[in-house]
Amino acid sequence: KAGVTQTPRYLIKTRGQQVTLSCSPISGHRSVSWYQQTPGQGLQFLFEYFSETQRNKGNFPGRFSGRQFSNSRSEMNVSTLELGDSALYLCASSFGQYNEQFFGPGTRLTVL
Amino acid sequence: QQPVQSPQAVILREGEDAVINCSSSKALYSVHWYRQKHGEAPVFLMILLKGGEQKGHDKISASFNEKKQQSSLYLTASQLSYSGTYFCGTLLVQGAQKLVFGQGTRLTINP
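Chains as they are written, first to last, in my numbering: chain D, 1 to 112; chain V, 1001 to 1111.
Derived by calculation from the structure, the hints in this document are not laboratory data. As the structure is a prediction and not an experimental result, all values here were calculated from the model. Where hints are given, some of them may not hold.
To be verified - Lysine-lysine pairs mimicking BS3-like chemistry, simulated, CA-CA at most 25 Å apart:
#1 V/K1059 <-> V/K1026
#2 V/K1067 <-> V/K1050
#3 V/K1026 <-> V/K1098
#4 V/K1098 <-> D/K57
#5 D/K1 <-> V/K1067
#6 V/K1050 <-> V/K1037
#7 V/K1037 <-> V/K1098
#8 D/K57 <-> V/K1059
#9 D/K1 <-> V/K1059
#10 V/K1067 <-> V/K1026
Sequences and hints are given; from them, build the entire structure.
Printed below as a string of structure tokens:
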């Protein structure tokens, strides 16, 4: 099976702009989670979607939002970008009750 | 509540053993372990469930002490390929989908 794919891999934006990141899960995986990874804060949970519904949300401001489509593909949007939003954004899909996460390669976002 | 990992970093020679610990202040349902190599995505290693069940890697072992809410990852006869940052992730209840990760333990294996 193909792994989790994320696009784009790298992105450079300026403060105040908005950005949309895309994630395609492993075929058959219906749960998609998003994480922000920074050197200082580590891996921080953003939100999780299952069957087009957001089931869990982390402690991030409302500027961070997401959605999931009927084919399980997911998008994450960040509006009004701030310098502190520079990070590696990882998407992970999972299947089954144990919730082992299969991560994509990530999108490296740089906000200038 | 974020689990606490120790040590934060460890340097070993190939063939030596390492133990990485993950502690939580809350009762846990499961503990996950992942390894992330530099510039790559985290890779799933193992899950330990309340009640003692384990699922995962055949060359790396781990334990889960439910009374202490602590998990330990044992890397024996380490190989160069074991280098990377190890993260533990915790779930508080069965079916919960919000995995909370520790800060990570950087493991360096030298020849």
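Hints, verified against the model:
1. V/K1059 <-> V/K1026: 29 Å, violated
2. V/K1067 <-> V/K1050: 10 Å, holds
3. V/K1026 <-> V/K1098: 14 Å, holds
4. V/K1098 <-> D/K57: 8 Å, holds
5. D/K1 <-> V/K1067: Not satisfied, since the Cα-Cα distance of roughly 39 Å exceeds 25 Å.
6. V/K1050 <-> V/K1037: Violated: V/K1050 and V/K1037 sit about 28 Å apart, past 25 Å.
7. V/K1037 <-> V/K1098: 23 Å, holds
8. D/K57 <-> V/K1059: 34 Å, violated
9. D/K1 <-> V/K1059: Holds, at about 23 Å.
10. V/K1067 <-> V/K1026: With Cα atoms ~11 Å apart, V/K1067 and V/K1026 stay inside 25 Å; holds.
In this structure, the hints that do not hold are numbers 1, 5, 6, 8, in rising order.
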